[in-house]
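Colleague: As you go down the protein sequences, you meet chains A and B in turn.
Under numbering that gives the first Met the number 0, the residues of the first sequence are numbered 0 to 129, in order.
Under numbering that gives the first Met the number 0, the residues of the second sequence are numbered 0 to 157, in order.
In case anyone wonders, no lab produced these hints; they're calculated from the structure.
Every residue, glycine too, gets a C-beta built ideally from N, C-alpha and C.
A hint or two may mislead.
As the list claims (entries may be wrong) - Computed footprint of chain A on chain B, listed as stretches where at least three residues anywhere in the stretch have a Cβ under 8 Å from a Cβ of chain A: (1) 49-60; (2) 69-83; (3) 128-138.
Unchecked claim - Chain B side only, calculated, beta carbon under 8 Å to chain A, not exhaustive: (4) Trp108; (5) Gly111; (6) Arg113; (7) Leu116.
One letter stands for each residue in the lines below.
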Amino acid sequence: MNHVDPMRAPLKNARGLGSARHGTHHFIIQRITAIALLVLVIYFVALLVSLAGSDYASARAAVAHPVNAILLIAFLIAMFWHGQLGMQVVIEDYVHPPGKAMVFQVVVIFVCVLAAVASIFAVVRIALGA
Amino acid sequence: MVVASISRIPSRLRTSGYASQTHKASHMPPTARPLSPHLQVYRPQIQMVTSIVHRATGIILVVGSLLIAAALLALAQGADAWSCVTALAASWFGLLILFGWTWALAYHWLNGIRHLLQDAGWGYSIDQFVRNSWISVIGSLVLTALVWAAVYYYGGIA
């Protein structure tokens with residue numbers, strides 16, 4: 000980071016460092032995914048409860064149903080997105096050395112995106128009967 | 000003007016003792032400003048606990064989301080892989096994880112509603128804040144019990 004004058008107001012130190020137009024983007028997406036998850040978590044838990052004690056074939060058939068497959072994929076996207084945004088804030092708050100923080104951020108993004116892609120692929124594979 | 004006159008104060012007088020002591024111990028950039036006191040200054044209170052637990056359960060749920068991905072991959076893989084998942088889930092260790100996971104999800108879900116309402120500007124008076132925090136704590140235990148009552152009503156695990 001450039002020289003930061005501790006006696007300047009934060010705004011003065013931030014000026015000239017680039018656009019701040021995306022300042023609320025994280026906040027807004029975190030809330031939108033939260034609202035989506037309020038509903039999708041109820042659906043997901045209800046699906047799991049309804050599958051309690053059922054065998055492999057019926058679990059697969061349930062996931063293969065188009066309504067379930069679509070809602071599951073929506074749930075997975077919202078969940079991994081929300082998780083990444085949450086972990087980003089945790090890392091920003093607790094991991095102070097800039098290099099270490101950046102490595103953590105990139106690892107969290109890679110893990111969340113990979114897990115999202117893999118689990119969506121699994122649902123699609125089941126839904127298409129492959 | 001007050002703002003203009005601050006810059007004329009000699010620098011040795013600007014730095015408060017509190018701020019100069021605290022920045023040495025951390026990785027934070029040094030600052031001459033007085034810093035707000037951190038957690039250890041306060042007596043534990045429910046508002047603080049619910050906030051910390053929200054973050055802790057969030058981290059737990061991120062780990063849990065990876066288990067969901069693994070379970071779905073196993074279901075797509077075949078009956079053998081899926082029987083590993085159900086055997087793990089039905090073991091005492093698996094059940095312990097699932098109980099804890101259910102509570103973490105119930106808490107984060109319920110307390111998340113509290114946070115969304117606060118984002119909209121509701122529930123900021125101290126008595127509302129304390130009451131809603133207790134709703135999150137007790138409600139999460141109630142929700143967990145309800146979910147597991149339903150699980151065993153519908154036939155238990157595996």
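Colleague: All hints are to be evaluated individually against the structure, with a verdict given for each.
Modeller: Quick rundown of the hints versus the structure:
Counting residues of the segment 49-60 of chain B whose beta carbon lies closer than 8 Å to any beta carbon of chain A gives 4, which meets the minimum of three for the stated coverage. As drawn, the segment 69-83 of chain B meets chain A at 7 residues by the rule of a beta-carbon pair under 8 Å; at three or more, the given contact holds. Coverage of the segment 128-138 of chain B by chain A is violated in this model, with 0 residues showing a Cβ closer than 8 Å to a Cβ of that chain against a need of three. Hint status for B:Trp108 relative to chain A: holds, with the closest Cβ pair at about 6 Å, below 8 Å.
For B:Gly111, the interface hint holds, since its Cβ comes within 8 Å of a Cβ in chain A; the closest pair sits about 6 Å apart. Evaluation of the B:Arg113 hint against chain A yields a violated restraint, the C-beta minimum of about 11 Å exceeding 8 Å. Violation of the interface hint for B:Leu116 is found here, the shortest Cβ-Cβ separation to chain A being roughly 12 Å, above the 8 Å cut-off.
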